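Please build the complex by placing chain B on the supplied structure of chain A, with the hints as guidance.
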Amino acid sequence: MDWHQQYIGKVKHAVFHTQKTGRKRVVVSTEENVIASLDLRHGEIFWRHVLGINDVVDGIDIALGKYVITLSSDGSTLRAWNLPDGQMVWESFLRGSKHSKPLLLVPTNLKVDKDSLILVSSKGCLHAVSSIDGEILWTRDFAAESVEVQQVIQLDESDQIYVVGYAGSSQFHAYQINAMNGELLNHETAAFSGGFVGDVALVSSDTLVTLDTTRSILVTVSFKNRKIAFQETHLSNLGEDSSGMVEILPSSLTGMFTVKINNYKLFIRLTSEDKLEVVHKVDHETVVSDALVFSEGKEAFAVVEHGGSKVDITVKPGQDWNNNLVQESIEMDHQRGLVHKVFINNYLRTDRSHGFRALIVMEDHSLLLVQQGKIVWNREDALASIIDVTTSELPVEKEGVSVAKVEHSLFEWLKGHMLKLKGTLMLASPEDVAAIQAIRLKSSEKSKMTRDHNGFRKLLIVLTKARKIFALHSGDGRVVWSLLLHKSEACDSPTELNLYQWQTPHHHAMDENPSVLVVGRCGVSSKAPAILSFVDTYTGKELNSFDLVHSAVQVMPLPFTDSTEQRLHLLVDDDRRIHLYPKTSEAISIFQQEFSNIYWYSVEADNGIIKGHAVKSKCAGEVLDDFCFETRVLWSIIFPMESEKIIAAVSRKQNEVVHTQAKVTSEQDVMYKYISKNLLFVATVAPKASGHIGSADPDEAWLVVYLIDTITGRILHRMTHHGAQGPVHAVLSENWVVYHYFNLRAHRYEMSVTEIYDQSRAENKDVLKLVLGKHNLTAPVSSYSRPEITTKSQTYFFTHSVKAVAVTSTAKGITSKQLLIGTIGDQVLALDKRFLDPRRSINPTQAEKEEGIIPLADSLPIIPQSYVTHSLKVEGLRGILTVPAKLESTTLVFAYGVDLFYTRLAPSRTYDSLTEDFSYALLLLTIVALVAAIFVTWVLSEKKELREKWR
Amino acid sequence: MEKGKGVMGSGRRWAVDFTDNSTTPSTRDIADPPGFSRASQDQDDSTLSRQKKDAEANWKSQKAWEVAQAPFKNLMMMGFMMWMAGSTVHLFSIGITFSALWQPISALQGVGKVFEPYKDSKVDLLGPKLLFIALNLGGLALGVWKLNTLGLLPTHASDWVSSLPPALEVEYSGGGIPLQ
Chain A
1 MDWHQQYIGK
11 VKHAVFHTQK
21 TGRKRVVVST
31 EENVIASLDL
41 RHGEIFWRHV
51 LGINDVVDGI
61 DIALGKYVIT
71 LSSDGSTLRA
81 WNLPDGQMVW
91 ESFLRGSKHS
101 KPLLLVPTNL
111 KVDKDSLILV
121 SSKGCLHAVS
131 SIDGEILWTR
141 DFAAESVEVQ
151 QVIQLDESDQ
161 IYVVGYAGSS
171 QFHAYQINAM
181 NGELLNHETA
191 AFSGGFVGDV
201 ALVSSDTLVT
211 LDTTRSILVT
221 VSFKNRKIAF
231 QETHLSNLGE
241 DSSGMVEILP
251 SSLTGMFTVK
261 INNYKLFIRL
271 TSEDKLEVVH
281 KVDHETVVSD
291 ALVFSEGKEA
301 FAVVEHGGSK
311 VDITVKPGQD
321 WNNNLVQESI
331 EMDHQRGLVH
341 KVFINNYLRT
351 DRSHGFRALI
361 VMEDHSLLLV
371 QQGKIVWNRE
381 DALASIIDVT
391 TSELPVEKEG
401 VSVAKVEHSL
411 FEWLKGHMLK
421 LKGTLMLASP
431 EDVAAIQAIR
441 LKSSEKSKMT
451 RDHNGFRKLL
461 IVLTKARKIF
471 ALHSGDGRVV
481 WSLLLHKSEA
491 CDSPTELNLY
501 QWQTPHHHAM
511 DENPSVLVVG
521 RCGVSSKAPA
531 ILSFVDTYTG
541 KELNSFDLVH
551 SAVQVMPLPF
561 TDSTEQRLHL
571 LVDDDRRIHL
581 YPKTSEAISI
591 FQQEFSNIYW
601 YSVEADNGII
611 KGHAVKSKCA
621 GEVLDDFCFE
631 TRVLWSIIFP
641 MESEKIIAAV
651 SRKQNEVVHT
661 QAKVTSEQDV
671 MYKYISKNLL
681 FVATVAPKAS
691 GHIGSADPDE
701 AWLVVYLIDT
711 ITGRILHRMT
721 HHGAQGPVHA
731 VLSENWVVYH
741 YFNLRAHRYE
751 MSVTEIYDQS
761 RAENKDVLKL
771 VLGKHNLTAP
781 VSSYSRPEIT
791 TKSQTYFFTH
801 SVKAVAVTST
811 AKGITSKQLL
821 IGTIGDQVLA
831 LDKRFLDPRR
841 SINPTQAEKE
851 EGIIPLADSL
861 PIIPQSYVTH
871 SLKVEGLRGI
881 LTVPAKLEST
891 TLVFAYGVDL
901 FYTRLAPSRT
911 YDSLTEDFSY
921 ALLLLTIVAL
931 VAAIFVTWVL
941 SEKKELREKW
951 R
Chain B
1 MEKGKGVMGS
11 GRRWAVDFTD
21 NSTTPSTRDI
31 ADPPGFSRAS
41 QDQDDSTLSR
51 QKKDAEANWK
61 SQKAWEVAQA
71 PFKNLMMMGF
81 MMWMAGSTVH
91 LFSIGITFSA
101 LWQPISALQG
111 VGKVFEPYKD
121 SKVDLLGPKL
131 LFIALNLGGL
141 ALGVWKLNTL
151 GLLPTHASDW
161 VSSLPPALEV
171 EYSGGGIPLQ
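Protein chains in written order, with the numbering used here: chain A, 1 to 951; chain B, 1 to 180.
For each label pair, taking beta carbons as the anchor points, the in silico distance ranges come out as: (1) 162(B) x 854(A): 19 to 25 Å; (2) 109(B) x 560(A): 52 to 58 Å; (3) 779(A) x 109(B): 39 to 45 Å.
The calculated EDC-like cross-link candidates involving lysine to aspartate or glutamate, where the alpha carbons are at most 20 Å apart (straight line), are: (4) 101(A) x 141(A); (5) 769(A) x 159(B); (6) 653(A) x 169(B); (7) 774(A) x 763(A); (8) 583(A) x 565(A); (9) 774(A) x 159(B); (10) 677(A) x 169(B).
To be clear, the hints were calculated from the coordinates, so they are not data collected in a lab. As the structure is a prediction and not an experimental result, all values here were calculated from the model. Heads up, the beta-carbon is just placed ideally off N, CA and C, and yes, glycines get one too.
This is chain A alone, in the form it adopts within the complex (with noise of 0.2 Å):
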């Protein structure tokens, strides 16, 4: 019924970790802050470590062959853990006034006793913490000379480091330090006339490279024999056209770096004569690793070519360009795009010769492993980076199989129902138990590729931030289909956004396959241009994609379909037009209609504003664009800028089902709830208040909390907790809202909730008049009506805090709600609707209780059983999707961040369903023995009425 998924994201570090052979091991850490160790064998995560959003991974090395030391958050954490356990050993915090590149250096021979140093440059200082506890043995700072650390080197097999930097953009620092303790034994400086810029590439331990401010002249500076010496060496001497983007590539080669240059990468070494020479040019889809140094002090490489459908690996010894240790070539699926990294490592074959394998990285974030020309493992670590999900019905099981198909499965069903059969009536023998398990265990009911009546079996369609969507199965969440999104060629770094519902088949269009909507941006400017991809949810196939001229700042999707069931879009550009997606003539005609009734809304946080639109004309241009039209603005909310700052807006689900509009309370009461689509809440605090808890005083700290109209612009209710600050999580469903924010005068999380209740329609009571139908209850209404309306709340302390609220919805809306809460841990907690309800009170009446109203507690309840993730964890929780089954009372769960977990919820009970272990079996024995008995107590009462009529 439910399934969790572990994933830990793209890679960017790996070390392995195969010194001791049986524990074949290489530890990552991701782009998601994850820390895991990884079974070389089978991709397996032995153990993981999520660190928080902002404790970005800087760099990862092992130390002492049995710490994996890790350096995050910009430099300023330092921690080991436990190779074989993973648990975290010691942690410090090293401080430092200003910012730089952090560098993490673990060299193996500077020991003392047991002990060895390692090297970390951050903050524009070098700290030296010993492996063992973390201490900090010494500091220096050279922030306060102004220079810029650039690289911190070991001089072979001795103490001593040299430590290089720029002061500003022209001269060159470079430091002899005693890395014992900390001494500094000579220090040379130089001034380069040309500038440098960009980074610096280690060429040997006495001799680096990079670019003067023109990029076009490659700069070597030795420091050896204390003595700073430049030399300049123009790209196009070496023959190559030095115009458009150069930069030099971090890597580790000795005597050789690389330089990239427009579309490719040139491999250049350093002469023994101190001359540079180009070895070999290749395109920039190729990617190289660092040095990995293996017996003896030989070194090797490896470089990843593309060619067609394979990639070509070849593993070269350092410094020997044309000499080839390994060469292989293998398949690759072309959904995985590009190798992006590549991490080598080497075993010793049975014949004591070297073998090699690569760990590779590709563009969608997928992890393989390769090793004597095959891929050992894979790992779709894509999933853990998940943007946007949406649902997709499967398809409907199809009438006309083929004869011997339906022979083998209807005597498979014979089969295995015999089998059931016994089992129920204990007559199985332990061979047929074992096959009834197998039946289970296998449950292919569960994860069959078609509909079900229940509507539990569906696809998860998820787009990541590898631009890849994949469509995992919500019966055992296997990935169906993925694609990686097709990328053009005018658009160079295209980022997505966001998935719609594009095409749901329903009723008169069931033969198309429903189609989701792609909505992605070429670069990251609300600026650029947007792109539109359709994507078939049955075959995974990119059935369109589109480059458009103009930008998508917001997506709305219409309550309108065509003829074929496509749901028409309107895209908003940074110019405030809106375009009209599918551009199709119907399109424009059920638009034309609804033209008066269609408005849309921006919240400008930034500035504190909120405006409200209505479609005024198609567009002027020079350009004649039919489906363009430009808007004007009907209202707007300006919060003033010194008191309030807009920090959550959240309105209802488009697709959300409400079953009535009418609360009865106990009294027989009846209240009439306020439902509209086009409701808004936004939170504001006080701009003091808006950073972490605990930066303001309760006194200078407020929220305030709107529920605005978005059609007229009227604020409908407006309250304010002073002392208050967040940050709000909301989540607006039917009549009622629940927000979640910090109380700093009580030091306490709270909850609230506002419910809002139609005043004008609470005439509506006379029976008569209702049970003839003599009211305009349901009768459109216009948010220009302006109705009375009522809000009630209540507020609760709530222990923890938030990462994620959303709610429970069900097919028809007649299942009560339960709010999931995705807490701190990573966890999902389930909470009853009726728990946040303002009719609480202390002493409710008999009549309350008999409804279900919950006496008033200062705080909600955690109850540990009503996790809904168990005991699992969704690490780096982000999102929480509920989508209704077609079973009333079921609702699917969708949760997502590193991890994906899925379950099915039931917020009262299965009361529409019977539960799994129902003894069918008993029920037709049942039936069958009271139809016996109607039978035979019929013939007996005939005999016996024929009797009395003879007498």
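The following block gives chain B in isolation, referenced to the frame of chain A:
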């Protein structure tokens, strides 16, 4: 009922009545002879049978009244049972209420049948029938009242609006914080 049948059964299978029972002399062309008293003659002739008939009619009407009053006892018992059942909805109270509703209805449907045995030209059955119907209607009313106290009758506004779907909205709006 059995007794009634007995009365009928014990009588003659068929009979021709030669006596002239008419009391109005005007119907005859010839006047009665002098000294002839028609009444006295009749009495003389059929005193016995007439008395018997009267007794039978009396008895029938008495019985009909008794039958008509029978539902009253039923009513009392039903009332007691209802009081015992309480005002919460559960199997027992619902069963009693529905039987209290069903009994009068079925009785009312069979009014004709119940009084058939007492049908007689001399017996006026209208009174007993009305009483019978009235008492059964009383029983029905009691049942309905009980149904109402159980809250099973749609007499409140809440019973009629609880399934009203929310009103449709004329306007549509979308938007929010810009995508990023």
